[in-house]
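Undergrad: Sequence:
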Amino acid sequence: MTRSLFVSLLSALALSGTAHAADGKSLYAANCSRCHGALGNGLPGLAPSLRDAGALGADFYLRTGYMPLDDPQTHPSRTRVLFSEPELRALVRYVASLGNGPPIPHPRWRDANVAAGLTLFTGHCAGCHQIVARGGYVTGARVPALGRATPTQIAEAVRQGPYLLPRFSPKAISDRQLDDLVAYVQYAKHPDDRGGWALGHLGPWPEGMVTWLLAASALVGVCTLLARRVRS
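To convert a position in the sequence shown, counted from 1, into this note's numbering, add 1259.
Simulated from the structure, these hints should not be mistaken for lab results. Watch out, some of these pointers could steer you wrong.
Mimicking SDA-like on lysine to any residue, the simulated pairs with C-alpha atoms at most 20 Å apart in a straight line are [as the list claims (entries may be wrong)]:
id, residue 1, residue 2
1, 1448, 1370
2, 1448, 1436
3, 1284, 1302
4, 1448, 1409
5, 1448, 1410
Just need the whole structure built from these sequences, with the hints factored in.
TA: Written out as structure tokens, the structure reads:
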């Protein structure tokens, strides 16, 4: 009796795994194969191969809404996710099964070094994303803000290197450094403005302009007061 029950459980698990794989395969066929090919080999001039994308690549592009694209010629941008959570998991598993790509990272950022992360972000990311991770514009492209990026998505982007972002291997940025980097981006979303006004966290230019405006207003006020006294 016990043996029969054990065999039944194994069979149910096997069937469940097969069903998940089938779901992922059918989702891939309906939403991805037109550009990436039936076997994930990609199509020249249209879309890259997914054989080495792994769970990391699939999870990043699907959960940010970058994929799938209606028109492969358009520049992708973050938008609404098209799949439910079970569908996402099934699709990520299927893409991961196409090759030997990297797994989804799990950054341990809560106890990481924010100051070290700031140094890394300044050296590798701020040139495009700004020091406060608000994004901006570079030649021919718009760099997204990181306010909606989850810790996992930040780590995935660093390892994946989507679009203009270079890919950083563990040799370039270690897992420990990646934790620090993620910790800084999380901090930058809600910084502690101990100095007073945040002014949009845009840096010294708006701060300087506001300072000059206040100083000029004070100077005009003093001059007006002195002129009235002279007339009287």
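Undergrad: Does each hint fit the structure? Answer for all of them.
TA: Hint-by-hint comparison with the structure:
1. 1448 - 1370: This hinted pair holds, its Cα atoms lying about 17 Å apart.
2. 1448 - 1436: holds (19 Å)
3. 1284 - 1302: holds (18 Å)
4. 1448 - 1409: holds (11 Å)
5. 1448 - 1410: holds (12 Å)
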